[in-house]
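**Q** This is what each chain is made of:
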Amino acid sequence: MTAALRAQGLGKRYGRLWALTDCTLDVPAGRVVGLVGPNGAGKTTLLNLAVGMLTPTSGTIEVLGGRPAASPEQLAKVGYVAQDSPTYAGLSVEDHLQFGARLNPGWDDALARGRIRRLGLDLSRRAGKLSGGQRAQLALTLGVAKRPELLLLDEPVASLDPLARREFLQDLMEAVAEHELSVVLSSHLVSDLERVCDYLVVLVDARVQLGGDIDTLLATHHRLTGPRRDPARLPADQHVISASHTDRQSTFLVRTEAPIIDPAWTVGQIGLEDLVLAYMSQTAANRDSGHGSHTDDRPTLEVQR
Amino acid sequence: MIWLTWRQSRGGVLTMAALLAVLAVILGVTGPSLAHDYSAGLAACGSGGDCSAFLEQFFDDNFAPFLAVTAVMLVLPALIGVFWGAPLIARELEAGTHRLVWNQSITRTRWLAVKLGLTALAAMTVAGLGSLAVTWWASPIDSAADFPRMEPLSFAARGIVPVGYTVFAFALGVTVGMLVRHTLPAMAITLAVFVAVQIAVPLMVRPHLLPPTRSTIEITESNVSRFIRANDDLLVEANVASADAWVLSSHIRDASGHAVAVISMPSTSGPCASPPPDAEEHADPGDDPYVAACLAEIQRLGYRQQTTYHPSSRFWPFQWYEAGIYTALALGLAGFSAWRIRRLPA
Amino acid sequence: MIEFHLDDRTGLSPYLQLVRQVRQALRLGLLRQGDQLPTVKEVVAGLAINPNTVLKAYRELEHQGLVAARPGVGTFVTATLADDSFAAHGPLRQQLQRWLDKARKAGLDDESIEALFMTTFRTARQEDIA
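Just so you know, the sequences run in chain order P, R and X. Note that the working numbering gives residue 196 to position 196 of the first sequence, counting from 1, and the numbers run on in steps of one. Note that the working numbering gives residue 1325 to position 325 of the second sequence, counting from 1, and the numbers run on in steps of one. Note that the working numbering gives residue 2119 to position 119 of the third sequence, counting from 1, and the numbers run on in steps of one.
A few of these clues could be false.
Said to hold, decoys possible - With a cut-off of at most 30 Å between alpha-carbon atoms, the simulated DSBU-like pairs for lysine-lysine come out as follows:
1. P:K77 to X:K2105
2. P:K77 to X:K2041
3. X:K2041 to X:K2056
To be verified - Quick list of the computed label-pair ranges, beta carbon to beta carbon:
4. R:V1195 to P:Y14: 45 to 55 Å
5. P:Q249 to X:I2113: 50 to 60 Å
6. X:T2078 to P:Q249: 31 to 41 Å
7. P:S124 to R:T1015: 43 to 53 Å
8. R:G1324 to P:R102: 34 to 44 Å
9. P:E73 to R:V1114: 38 to 48 Å
10. P:R102 to R:P1032: 25 to 35 Å
11. R:H1182 to P:G66: 38 to 48 Å
12. X:R2020 to P:P263: 27 to 37 Å
13. P:G65 to R:V1114: 41 to 51 Å
14. X:D2128 to P:G9: 50 to 60 Å
15. X:R2027 to P:G66: 43 to 53 Å
16. P:P263 to X:L2012: 22 to 32 Å
17. R:S1139 to P:R102: 38 to 48 Å
Simulated from the structure, these hints should not be mistaken for laboratory data. Quantities reported herein were computed from a predicted structural model and do not represent experimental measurements. For glycine and all other residues, C-beta sits at the position ideal for the given N, C-alpha and C.
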């Protein structure tokens, strides 16, 4: 199956600032991918590169096997809902549907109208007069009804109230179930993504810190609690992501494929949010202390394929 | 994409169409009577011989409407550039809707080509129809006017150059809007640049579209138009061969070819002495015998008037050249925009 | 038709929660043989979860021999869990009632009864695993 998104050493620079560097990803199709990271980490940059709104400064990116925005066929395969769900304030909902129908050969009008009807949007209402949630739903309708293979969404629920957020995600998941859509969804809140994503990419400081299947990530990361120990004395196949110590106790977050057999440890699961935070704070620690290998942690930050 | 272009520019196009319709009605209603007045008046005075009095009167009577339609034609390209051109791309970038439309199944180049092409066509149509109507309506007044057709203000408001100006102003607006990315500043900058170009071209470019005619003539009592004595200095000027030529420069040159502003001749004695206080006053210096005598002496000393001008027969060639230049500039700007739009950052 | 819900605080992964809810429903007789489970589309539209989660849960139930997927139609219940243990519910409930009376007579309040029950239950479960 063609990868949804394949990037090799991808980078984008503005002046002297690298908004994204050394990004290597191989995201499979048929997934709902969560792209998570703090504001300014490079999420929007990565998405813009994927749809061809930006051109790379270095490296390559391939989406569904093609170069972004290279041709109308490529544009038809990829749907994009940018941050703040842009719509034409002066055009009505009906106008937007016409817009979609005329600019996309693959437009599914029945799907679009069905969604609009179910959402209860007034066709004659101007988009500028809709609420934030309704605009997001309209933008999502435009993205889904052109029947893309991959849908990219930049912080789609950031400005929505909890009810609108839930309804948006319900609709999105329904579309994924019905049309076998691949989705890449970015957010700076992990809790938004936990329910809906099955693949995670963590971006911090313009770099990919973590990327992989969520089930695998949760299965291979463990929280070890036990008597105080120097991390250098942990087995080689256990990569220490974070460590904290009191005078008597040590707590480690490790990544390992092998089972933990040392009886001294209490092994616990870690939730997705804590996992992401651990990677994000490790980056901060590395950043603050220089490219940290003079700390107790062995340099174990690994960019996963 | 055609539908979208129409839907987005609907407001502006309809407004312009309405204004054009109003103009057309006004011109259509008043035009025939204007033409009739003119031809009737000409017929009346033609049998007598000298129509200059009638022509002057006719022009004065219709000066205000003449000014009005000329102003409309001068302003029209600027309006199109500022209100149709500048917002074309700038508004999309400002509102962020480019992130919506550039992700539909249409490439940026095609999007721009259709949007730019259709709107430019509409602009050219508006300018063409307007100019046609105004040129037709104003032809009696233009004929009665005492200044040449190629005078900058009237040249720019007749014939086909307004179409060239319009399409250039439009392309300029689009390009500025794309580079500046915000509508209001783009409108202001477009206006400023367009006005600057419109001032520069008649001063620096138009005179050189064809090599001007240079003629050196003697000043005689039949062509003298000004003769002013100020102590020992004489200010003399003669009419150029054809009254409605576009004069670029005109000076007196002495026998050795140097240009002089005034001719120095003693005023107390000699052929150019001041006439006695009781001499008859003449409105036309050509009728004054004292002037005639002085002119003869000036000629003998080798003074000639050198005039650089374009004859009025060059009106249409200049119209075509200038319209061509502006259109080429517009195409260049459009090409640049099409190239640049593909590299525009998000 | 069963309706699913998710509890973010149980610490159980979503697909296991779905499996457990189906098993519970089977045990209580709310789902019977031949009943259709909600379609993947219906579940995700209600819960806003990843369709793969639902697919995984249904696959697990199929693996446990409780349901079968009919392509193009849906997923149907093929077995029940209720039968044998259902009969034991009655006497067990009575025994529990008597135990509760005894505990109250011994002076335990509600909290103590619950704590006693939960710790004993957990210890027994751990011993089962070990």
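**Q** State for each hint whether it applies.
**A** Going through the hints against the structure:
1. Between P:K77 and X:K2105, the direct Cα distance comes to roughly 72 Å. Violation of the 30 Å bound is thereby established for this hinted pair.
2. Using a Cα cut-off of 30 Å, the hinted pair P:K77 and X:K2041 holds, with the two alpha carbons roughly 23 Å apart.
3. Distance restraint check for X:K2041 and X:K2056: the Cα-Cα separation of roughly 14 Å lies within the 30 Å cut-off, and the hinted pair is therefore satisfied.
4. Against the hinted window of 45 to 55 Å, the Cβ-Cβ separation of R:V1195 and P:Y14 comes to about 35 Å, which falls outside the hint.
5. At about 34 Å, the CB distance of P:Q249 to X:I2113 disagrees with the hint of 50 to 60 Å.
6. Evaluation of the 31 to 41 Å hint for X:T2078 and P:Q249 yields a failure: the beta carbon distance comes to about 50 Å.
7. Separated by about 23 Å at the C-beta atoms, P:S124 and R:T1015 break the suggested range of 43 to 53 Å.
8. Checked against the hint of 34 to 44 Å, the pair R:G1324 and P:R102 passes, with Cβ atoms roughly 36 Å apart.
9. Checked against the hint of 38 to 48 Å, the C-beta distance between P:E73 and R:V1114 comes to roughly 19 Å, which is inconsistent with it.
10. For the pair P:R102 and R:P1032, the supplied restraint of 25 to 35 Å is violated, since their beta-carbon distance comes to about 46 Å.
11. Distance hint check for R:H1182 and P:G66: the Cβ-Cβ separation is about 33 Å, which falls outside the suggested range of 38 to 48 Å.
12. The hint said 27 to 37 Å for the Cβ distance between X:R2020 and P:P263, and at roughly 30 Å that hint holds.
13. Between P:G65 and R:V1114 the beta carbon distance is about 29 Å. The supplied range of 41 to 51 Å is therefore violated.
14. A hinted range of 50 to 60 Å holds for the C-beta pair X:D2128 and P:G9, which are about 52 Å apart.
15. Taking the beta carbon of each, X:R2027 and P:G66 are about 51 Å apart, inside 43 to 53 Å as hinted.
16. Distance hint check: the CB atoms of P:P263 and X:L2012 are about 25 Å apart, consistent with the given range 22 to 32 Å.
17. Roughly 45 Å separates the CB atoms of R:S1139 and P:R102, a value that falls within the hinted 38 to 48 Å.
Comparing the model with each earlier hint shows violations of hints 1, 4, 5, 6, 7, 9, 10, 11 and 13; every other hint is respected.
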